[in-house]
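As given, the protein sequences belong to chains Y and L, one line each in that order. With numbering that gives the first Met the number 0 as the guide, the letters of the first sequence map in order to residues 0 to 298. With numbering that gives the first Met the number 0 as the guide, the letters of the second sequence map in order to residues 0 to 298.
Hints are supplied without guarantee of correctness; some may be wrong.
If chains are identical, the list can't say which one is meant, so a pair holds when it fits in one copy or spans any two.
Said to hold, decoys possible - In the DSBU-like style, the derived pairs of lysine-lysine whose C-alpha atoms are separated by at most 35 Å in a straight line are:
hint	residue 1	residue 2
1	Lys106	Lys220
2	Lys220	Lys256
3	Lys278	Lys106
4	Lys278	Lys220
5	Lys278	Lys256
Hints are computed from structural coordinates only; laboratory data are not their basis.
Number of protein chains: 2
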Amino acid sequence: MSPIAMTAVALLASAAMRQAADPAPPMSAADQIIGASPAGDWRAIDPENTLYLDLPGGRVIIELAPAFAPLHVANIKRLVRQGYFDGLAVVRAQDNYVVQWADSDGKRSLGGAAATLPPEFTAAFDAALPFTPLPDVDTYAPQVGFTDGFPVARDPAAGQTWLTHCYGMVGVGRDNAVESGSGAELYAVIGQAPRLLDRNVALVGHVVQEIDILSVMPRGKGALGFYQTPAERVAIHSIKVAADLPPAQRVPLSALKTDSPTFAALLQARRFRHDDWYKVPAGRVDVCNVPLPVRVGRG
Amino acid sequence: MSPIAMTAVALLASAAMRQAADPAPPMSAADQIIGASPAGDWRAIDPENTLYLDLPGGRVIIELAPAFAPLHVANIKRLVRQGYFDGLAVVRAQDNYVVQWADSDGKRSLGGAAATLPPEFTAAFDAALPFTPLPDVDTYAPQVGFTDGFPVARDPAAGQTWLTHCYGMVGVGRDNAVESGSGAELYAVIGQAPRLLDRNVALVGHVVQEIDILSVMPRGKGALGFYQTPAERVAIHSIKVAADLPPAQRVPLSALKTDSPTFAALLQARRFRHDDWYKVPAGRVDVCNVPLPVRVGRG
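Bound-form chain Y, shown alone:
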């Protein structure tokens, strides 16, 4: 299931409903809108910006965001292509916060990758980037919306835009120095959007498939959710760039374009969700409460 699932806010259907004669839940407005979407409202996710994180529980798929953190994305791909992550492990799982993977024993060489990078915590405001604004007020930023499938905040007065820490976002762990995040240590958000981190750390992508492999990992009992013993860690079989696999071995994924009419219709249906179950439409929605529809298949 996507992190940002196809039907993220489903009914709080009772078990009794599930026991009814027709076991299929009624098709939601969102499902109907997606079902009627033209092929042109979808984009193929670029294999060159796709990572396969292979774990004992299966394959987590991450889409990278080079438009927002080009140096970090390039460095991560350099590390991946050196096999840097293969045989490392998830070393931290903090409830309602993040899972994190790294070379905890500090034995790997970064090889040709950089050890430090300019921060890239925000990007320069760029009017040329597509941006689908949300009409609703946000606690943390003057403007929020979506760019190329990613949740984004903007502050035109400050000339800045940045990715927001929503569920499933992937970022770069760092030490106190702002340039200390190389991409050798990555985390994924598995809880309430920790928006206080926005503009303090580089976000580089989001999980588009199977985040539950990460989100169900046993929480670490050490400080900050670090596992206390190496035996608790979850081994990483490998991380690969999808483009480096033969086409037949890739998972073809498509995401709904966030500047498409279908996405606009979904946003409205979500803001004013009102059906047999929902009695009081909120009339608004938070940027981290909007799922990105992702499906297997091209275009």
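Take the given structure of chain Y and dock chain L to it, following the hints.
Then chain L, alone, in the frame of chain Y:
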């Protein structure tokens, strides 16, 4: 770990930091504020409004909110005291949404408990209830803040107040009819706050200890995250009201009073978090990004 953990937004500390000579992370401003708090800023959590949900993974502790949903809380306690939940199971785990427990086979009698209840999705605005407002704008409600430890929204113009669907909140599953939620089917939020549910369903409490026992449960592969076979369900050993156990068998818990000077100081430290790691303070905070400090021990 509390859902609403003592140090909910911790550093994205690197593993390298953890490997340093002093394994203890530096004490955060929040830890220092809590460490200096007077005993009078804490309240004992009432055993009469505390549920022990005993699962194979351990004990989840829930504090009930009778001020907001008195009829539902009373009915749930009636069910608990009949042993209604003992031997039932968690039947649903939907990623980034909820876990839910119920009598999926529909074989239990509700006994002396009501099968339907008035909605209690909102409560009448009551100026006598303590309320610590958040100064920051909220996407979903005119006012947000805290009442008796719970995250709360208010709409004075509509004369309403309601609990908000933050991580760890516990609510009552229902069918389409608004009075169909008896409390025999309960859910806990384990993902991004599904605030679209606010005012559509009765919230009755929050998890104050060990929510990770719920949040790591394997996600169901059926529609809405329901488990597809009985074998996947997670058995409930029992649910008990803490007050029904001998005092020596209870877990004494205290929560920080949300109308205390210590909580006010924590809020400010969180809104303007700025330390060796945090470079850009947000200057604001979302009602679902504020942890409730809970500790073992009385007062």
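Numbers of the earlier hints that this structure fails to satisfy, in rising order: Going through the list in order, the structure violates no hint and respects every one.
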